[in-house]
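**Q** Chains as they are written, first to last, in numbering that gives the first Met the number 0: chain D, 0 to 649; chain U, 0 to 71.
I should point out that these hints are in silico values taken from the structure, not numbers from a laboratory. Everything numeric in this text was worked out from a predicted model, so none of it was measured. Some hints here could point you the wrong way.
To be verified - Simulated crosslink set (DSS-like; lysine-lysine; CA at most 25 Å straight-line):
(1) LYS128/D <-> LYS258/D
(2) LYS22/U <-> LYS378/D
(3) LYS22/U <-> LYS236/D
(4) LYS264/D <-> LYS19/U
(5) LYS137/D <-> LYS278/D
(6) LYS264/D <-> LYS11/U
(7) LYS172/D <-> LYS183/D
(8) LYS19/U <-> LYS378/D
(9) LYS236/D <-> LYS27/U
(10) LYS11/U <-> LYS41/D
(11) LYS22/U <-> LYS258/D
(12) LYS244/D <-> LYS27/U
(13) LYS72/D <-> LYS278/D
(14) LYS475/D <-> LYS11/U
(15) LYS5/D <-> LYS198/D
(16) LYS22/U <-> LYS183/D
(17) LYS183/D <-> LYS201/D
(18) LYS49/D <-> LYS5/D
(19) LYS258/D <-> LYS11/U
(20) LYS42/D <-> LYS145/D
(21) LYS244/D <-> LYS22/U
(22) LYS11/U <-> LYS278/D
(23) LYS12/U <-> LYS258/D
(24) LYS27/U <-> LYS382/D
(25) LYS378/D <-> LYS11/U
(26) LYS378/D <-> LYS12/U
(27) LYS223/D <-> LYS165/D
(28) LYS19/U <-> LYS244/D
(29) LYS72/D <-> LYS236/D
(30) LYS22/U <-> LYS471/D
(31) LYS72/D <-> LYS11/U
(32) LYS133/D <-> LYS12/U
(33) LYS236/D <-> LYS19/U
(34) LYS200/D <-> LYS11/U
(35) LYS278/D <-> LYS27/U
(36) LYS183/D <-> LYS257/D
(37) LYS145/D <-> LYS49/D
(38) LYS12/U <-> LYS477/D
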Amino acid sequence: MSKNQKIVGLTGQPNVGKTTLFNALTGMSQRIGNWPGVTVEKKEGILKYKDTEFNIVDLPGIYSLKSDSLDQKIARDFIIENEDSILVDVIDTNNINRNLYLTLQLIELGRSPIVCLNFIDEVEKHDVKLDEKKLSEKLGGLPVIKTSARYKIGIEDLKEAIYNYKPISCEIKYSELLENAIEKIVDKLDEYLTNIDEKFKKVPKRYLALSFLEGDPEVVELFKKNGELLSHANRIKEEIEREIKHDVESYVVEQRYKKADEILKGIWTESIVYDDIDKILLHPIYGFVIFAFIMYILYSFVIGVGDIFIEYIEMFFEYLGGYVGGIVPEPYTGVVVDGIIGGVGGVLVFFPYIAFMMLSLAILEDCGYLSRVTALFHKMMAKIGLSGGSTIPIMVSFGCAVPGLMATRSISDPMKRLITILVAPLAPCAARFVVIGFMATAFFSQYANLFALSILLISLSLMGIIAYLISKFIVKGKPEEPIFELPPYRLPDWNYILKRTWAYSKSFLKRAGTIILAGSILFYYLLNYPNPDNSYGMMLGKMLESITLLMGIDWRGALALIFGIIAKELVVSTLEIAYNGNIVGALTPLKAFVLTLVTVVYIPCLATVATLHYETNNLKWTLFAVGYNLALATTLGIVAYNIGRLLGFS
Amino acid sequence: MVIVMADSLADKKLGTYTVKEIKSACNKLYNLGIVPGARITVISNDRGPIIVRVGNCKLAMGRGMARSIIVE
Ligand SMILES: Nc1nc2c(ncn2[C@@H]2O[C@H](COP(=O)(O)OP(=O)(O)OP(=O)(O)O)[C@@H](O)[C@H]2O)c(=O)[nH]1
Ligand SMILES: [Mg+2]
């Protein structure tokens, strides 16, 4: 980053379109979705405008700057530390009164943000007028820009405003009572405040006084380090509480909302758009029926459309194998045809399923239905020790556990979050669907759907049981009182959805071209050196065989499972190679079923384990997760195999 | 002593109310604009969570939470 590159921070409440705006400004395509808490980590990108380069930073959504939750603390620290940055305060104009709360706090912090009235397309559709000049006046001259990030309205105006930005000083006053109290604290601040963190030297004194009254944990901590200041400030706090007859914390909150209403008076009228559909979608019976129906449609779509493409891909690889086998020099035909084409092709065949699944998940995320699912499932989730907030991370984990685990950050209760992190990887992700799909087509042609469904149901029930057990015996938490935002339904942003699906698909293809390719080649050599009848791979597999044989899996399967830890698709590639493409002759349906089940449940892939460690920041829990998965998979495999045998399968 | 007609949100039928008091101070409620003086509309109070509207924002909450919000 060059020295004179200016930082532009996009802040705002959750789900106001910050990331959509970020994508519009930088041309990137970061993840968006119609539910609060999509962005959990700050992302940076470059905007070149005229002769200047700006470093745009997309921040996680926050309701306020109070440091009582981790994400709000992080956002506030960013704002304090980058005091020379340009702030763009993104506002969902439909909810402007609530959003101005944060704007007021930014002003308290001594900043003069560019106010960006987003969602202007929706607002104008409802024939609501908003006078931005008057709003700017009332906000002490802050630049106010109307935009629609999705429909790219006003983006140029916003760039121009960023380009021309000059900080101004503006101050907004609250009630006399509050202002007096602030003044009295500020008066003594210079004298009494001797022990101050570097960070707080940069913020206005008025902000420190107000934050103390509001009970901001970090600022209260600061006051505690300066005894005289604390007792002085506490005296003032008691004085004001005697006057208003309730706590001053909520008084400060009320004052800000009042101010926001006052600012909006005469320049904005609220229009209420009514829809009643949520009554049914959240109904404890109809809601679940509709959910099941939607899932069914989704599944049929993915499988139905996917199948059309898969046939052609299979034909292509068969043809390719035959053709390449004819032209590659003799010593290499094995590794190329059986290793590379067999291994990578076996995975690539499932590309259409993966692409359509990602497409469906992105549509669900962007239309707003997922927030309803959260509320609908809360009661059920609470019974097994999770919360409604666990629903989205689990749904996302069906695509990939890595973003799924990251999505748990929006769960406020740390215990519930931990349990969700521990069980979410049990959701069969796209890579595991490759294994399920492979086994389904190879062994259960007629009953493929039934097979896939039973694997799915088993893994979901396991998730429920494990969550329940963990919450009962290991991580105990108290039930939490839920409140969920239900953002309006929106038509998906097709442009974004296609981009996003393409990005996912690309990464799937990239995996096939890198990890899967390398894994396949390595596996081929492991199996054929020093010679096919006594290879290194065989030795490695034999070490595990004593356990896996209990579930009917021989050393080849054991070896495939070892490779599956790197990436689960590799189970398919390696089996293709180990059995020379003739897996049907080598395994029985029962063994295939057990192997699939074990693959779905045992150690999640390396990337997931790394994320698990990152998100829990705790080695013990990471090892616990890996350990219980392994133990569970082993037990499950043995039990399933033996039950199957008792039932007369072989 | 004058008895004011105030109940918790959990016992209210459909309609619009004004928040009087919040019993268990909860930042989550403050964040969503539920503070004394705010207008709150009950959209559904039947089976399942209570659905309300505050400003232009729809919320679903459990009964326990609704009981701590006193409205009139
Ligand atoms: N109609 C309309 N929809 C928009 C606009 N801007 C964003 N959206 C949609 O609003 C939803 C939320 O957008 P995001 O960009 O994910 O919001 P965010 O502020 O980054 O949200 P968090 O990361 O959760 O804080 C998405 O479904 C967008 O497609 C807009 O100007 N008009
Ligand atoms: Mg975002």
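**Q** Indicate, hint by hint, whether the structure satisfies it.
**A** Here is how each hint holds up against the structure:
{"no.": "1", "hint": "LYS128/D <-> LYS258/D", "in the structure": "20 Å, holds"}
{"no.": "2", "hint": "LYS22/U <-> LYS378/D", "in the structure": "23 Å, holds"}
{"no.": "3", "hint": "LYS22/U <-> LYS236/D", "in the structure": "21 Å, holds"}
{"no.": "4", "hint": "LYS264/D <-> LYS19/U", "in the structure": "22 Å, holds"}
{"no.": "5", "hint": "LYS137/D <-> LYS278/D", "in the structure": "39 Å, violated"}
{"no.": "6", "hint": "LYS264/D <-> LYS11/U", "in the structure": "29 Å, violated"}
{"no.": "7", "hint": "LYS172/D <-> LYS183/D", "in the structure": "15 Å, holds"}
{"no.": "8", "hint": "LYS19/U <-> LYS378/D", "in the structure": "28 Å, violated"}
{"no.": "9", "hint": "LYS236/D <-> LYS27/U", "in the structure": "23 Å, holds"}
{"no.": "10", "hint": "LYS11/U <-> LYS41/D", "in the structure": "42 Å, violated"}
{"no.": "11", "hint": "LYS22/U <-> LYS258/D", "in the structure": "23 Å, holds"}
{"no.": "12", "hint": "LYS244/D <-> LYS27/U", "in the structure": "23 Å, holds"}
{"no.": "13", "hint": "LYS72/D <-> LYS278/D", "in the structure": "36 Å, violated"}
{"no.": "14", "hint": "LYS475/D <-> LYS11/U", "in the structure": "34 Å, violated"}
{"no.": "15", "hint": "LYS5/D <-> LYS198/D", "in the structure": "21 Å, holds"}
{"no.": "16", "hint": "LYS22/U <-> LYS183/D", "in the structure": "30 Å, violated"}
{"no.": "17", "hint": "LYS183/D <-> LYS201/D", "in the structure": "20 Å, holds"}
{"no.": "18", "hint": "LYS49/D <-> LYS5/D", "in the structure": "14 Å, holds"}
{"no.": "19", "hint": "LYS258/D <-> LYS11/U", "in the structure": "29 Å, violated"}
{"no.": "20", "hint": "LYS42/D <-> LYS145/D", "in the structure": "23 Å, holds"}
{"no.": "21", "hint": "LYS244/D <-> LYS22/U", "in the structure": "14 Å, holds"}
{"no.": "22", "hint": "LYS11/U <-> LYS278/D", "in the structure": "16 Å, holds"}
{"no.": "23", "hint": "LYS12/U <-> LYS258/D", "in the structure": "30 Å, violated"}
{"no.": "24", "hint": "LYS27/U <-> LYS382/D", "in the structure": "22 Å, holds"}
{"no.": "25", "hint": "LYS378/D <-> LYS11/U", "in the structure": "21 Å, holds"}
{"no.": "26", "hint": "LYS378/D <-> LYS12/U", "in the structure": "22 Å, holds"}
{"no.": "27", "hint": "LYS223/D <-> LYS165/D", "in the structure": "36 Å, violated"}
{"no.": "28", "hint": "LYS19/U <-> LYS244/D", "in the structure": "14 Å, holds"}
{"no.": "29", "hint": "LYS72/D <-> LYS236/D", "in the structure": "24 Å, holds"}
{"no.": "30", "hint": "LYS22/U <-> LYS471/D", "in the structure": "30 Å, violated"}
{"no.": "31", "hint": "LYS72/D <-> LYS11/U", "in the structure": "37 Å, violated"}
{"no.": "32", "hint": "LYS133/D <-> LYS12/U", "in the structure": "38 Å, violated"}
{"no.": "33", "hint": "LYS236/D <-> LYS19/U", "in the structure": "23 Å, holds"}
{"no.": "34", "hint": "LYS200/D <-> LYS11/U", "in the structure": "49 Å, violated"}
{"no.": "35", "hint": "LYS278/D <-> LYS27/U", "in the structure": "23 Å, holds"}
{"no.": "36", "hint": "LYS183/D <-> LYS257/D", "in the structure": "23 Å, holds"}
{"no.": "37", "hint": "LYS145/D <-> LYS49/D", "in the structure": "21 Å, holds"}
{"no.": "38", "hint": "LYS12/U <-> LYS477/D", "in the structure": "30 Å, violated"}
In this structure, the earlier hints numbered 5, 6, 8, 10, 13, 14, 16, 19, 23, 27, 30, 31, 32, 34 and 38 are contradicted, and the remaining ones agree with it.
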